[in-house]
Amino acid sequence: TVWAAFARVTATSIRHRSRKPPCHTDAAGSAGGIVIFEQSMKRIVILISGRGSNMQAILEAKLPVQVAAVIANKEDAGGLQTAASLGIATAVLSHKGYPSREAFDADLARLIDSYQPDLVVLAGFMRILSEGFVRHYENRMINIHPSLLPAFTGLSTHARAIQEGVKVHGCSVHFVTPELDHGPIICQAVVPVLDDDTEDTLSKRVLVCEHQIYPQAVRWFAEGRLSVEGNRVRVANHADIQAHSLIVPRD
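Going by the numbering used here, the residue at position 168 of the sequence shown is 606; the numbering climbs one at a time, nothing skipped.
Simulated from the structure, these hints should not be mistaken for lab results. Positions of the beta carbon are idealized from the N, C-alpha and C atoms, including for glycine. Hints should not be assumed to be uniformly reliable.
To be verified - Derived pair list, reagent style BS3-like, types lysine-lysine, alpha-carbon separation capped at 30 Å:
| no. | residue 1 | residue 2 |
| --- | --- | --- |
| 1 | Lys512 | Lys534 |
| 2 | Lys642 | Lys500 |
| 3 | Lys512 | Lys500 |
| 4 | Lys605 | Lys642 |
| 5 | Lys642 | Lys512 |
Stated by the list, open to error - Across the chosen pairs, the derived CB separations fall in these ranges:
| no. | residue 1 | residue 2 | range |
| --- | --- | --- | --- |
| 6 | Ser552 | Gly516 | 18 to 26 Å |
| 7 | Glu540 | Glu513 | 21 to 29 Å |
| 8 | Ala597 | Val646 | 14 to 22 Å |
| 9 | Asp514 | Gly603 | 33 to 41 Å |
| 10 | Ala529 | His620 | 22 to 30 Å |
| 11 | Asn669 | Glu602 | 19 to 27 Å |
| 12 | Arg670 | Glu540 | 26 to 34 Å |
| 13 | Asp545 | His676 | 33 to 41 Å |
| 14 | Gly662 | Pro687 | 33 to 41 Å |
| 15 | Thr636 | Pro687 | 12 to 20 Å |
| 16 | Asp633 | Ala589 | 13 to 21 Å |
| 17 | Ile566 | Asp634 | 28 to 36 Å |
Just need the whole structure built from these sequences, with the hints factored in.
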């Protein structure tokens, strides 16, 4: 298969790398073991399909990472020009013309791996990823989704939130797993849903939060503060969170 052949090529290339692996598992190596991310200057590759507003928020945050490249699957993705203007390497790999999703993903993985990233950041990359691709970047690929996962996976999250009458909505940063819009959640942000909200007003309010928590999640990864235990992500040295109730609307 495409991914079997890719795995053989990748295994060979990895053996010749001198860099330390980005993470390690506990010595027991048991199922559901703890994955701990080491602190060092991390290289990241950002994937986009459009304007890349979350990408720009990450770049403007001046995080302790090296942005090795920004890759798009569309030549007219506006974020490419933003990245290039900052001296960041850019590349385009169009998904058009490939016989299968797996074939495109294999070539995309080869391109990503040429930059040797510790972390792959999906910032509005509008592609459903194949299982082989996701497994290849297990625990080193993150995504931001405009809902409070596991609620409202998929598209039209803001319209669905309004339609369902929820009182709070928000966004989630999570490690990517083969199941669409699932995976261990790193952080979330919550906004109220107002009586007169439209899909547009709600999406704008959530987007402000996206630009806050995505750089934060990347920073935590870069600082080696994240550990994954099963489906939970723990953040080391995190400020105490007061367990007060969040009531919306409040009396």
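Hint by hint, here is what the structure shows:
1. Lys512 x Lys534: Answer holds: Lys512 to Lys534 is near 9 Å, not above 30 Å.
2. Lys642 x Lys500: holds (23 Å)
3. Lys512 x Lys500: Between Lys512 and Lys500 the Cα gap is close to 26 Å, so the pair holds against 30 Å.
4. Lys605 x Lys642: holds (16 Å)
5. Lys642 x Lys512: holds (24 Å)
6. Ser552 x Gly516: 18 to 26 Å: holds (24 Å)
7. Glu540 x Glu513: 21 to 29 Å: The hinted range 21 to 29 Å holds for Glu540 and Glu513, with Cβ atoms some 22 Å apart.
8. Ala597 x Val646: 14 to 22 Å: holds (18 Å)
9. Asp514 x Gly603: 33 to 41 Å: For Asp514 and Gly603 the Cβ distance comes to about 38 Å; the hint holds.
10. Ala529 x His620: 22 to 30 Å: Holds, at about 28 Å.
11. Asn669 x Glu602: 19 to 27 Å: Since Asn669 and Glu602 have Cβ atoms about 24 Å apart, the given range 19 to 27 Å holds.
12. Arg670 x Glu540: 26 to 34 Å: holds (30 Å)
13. Asp545 x His676: 33 to 41 Å: Hint holds: Cβ distance 39 Å, inside 33 to 41 Å.
14. Gly662 x Pro687: 33 to 41 Å: This hint holds: roughly 40 Å between Cβ atoms.
15. Thr636 x Pro687: 12 to 20 Å: holds (18 Å)
16. Asp633 x Ala589: 13 to 21 Å: holds (20 Å)
17. Ile566 x Asp634: 28 to 36 Å: With a Cβ separation near 34 Å, Ile566 and Asp634 satisfy 28 to 36 Å, so the hint holds.
Violated hints for the displayed structure: none, as all numbered hints are satisfied.
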